[in-house]
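Let the sequences and hints guide you as you build the complete structure.
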Amino acid sequence: VKVGQGAFIRLQGGRDTIAAGTVVEVSPALRQKSLFAEDIGRLEDRRVRWVRVRLETGQERVLYGQRVECVIDVSE
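Under the numbering used here, the first residue of the sequence shown is numbered 1, with each subsequent residue one higher.
Just to be clear, a hint being listed does not mean it is correct.
Unchecked claim - Here are the in silico distance ranges between beta carbons for each label pair:
hint : residue 1 : residue 2 : range
1    : Q32       : E60       : 25 to 35 Å
2    : Q12       : Q59       : 11 to 21 Å
3    : R42       : G4        : 29 to 39 Å
Calculated from the structure, these hints are not laboratory results.
Ideal Cβ positions, reconstructed from N, Cα and C, are used throughout, including at glycine.
What follows is the structure in structure tokens.
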């Protein structure tokens with residue numbers, strides 16, 4: 001993941017893009033572990049890298065605190 005790559009936002013579990021933007025910041029190191037669950041009742045520890053995306057379209061459809069998925073196009 002690097003600055004300048006495209007990203008899109010969709011609701012958790014959804015397929016429709018609700019917003020799109022560009023990666024503007026990537027943390028230089030992995031951060032503390034975070035609990036993550038793909039399946040209910042099955043939590044895993046994961047290390048995470050913080051990424052900041054500037055939304056260019058659809059900002060009005062994303063609410064503060066709303067759970068969403070951010071997909072980054074790493075082929076760019």
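Now for the hints, and whether the structure bears them out:
The hinted range of 25 to 35 Å is satisfied by Q32 and E60, whose Cβ atoms lie roughly 32 Å apart. Distance hint for Q12 and Q59: a CB-CB separation of about 18 Å, consistent with the stated range 11 to 21 Å. Taking the beta carbon of each, R42 and G4 are about 35 Å apart, inside 29 to 39 Å as hinted.
Hint compliance for this structure: no hint is broken.
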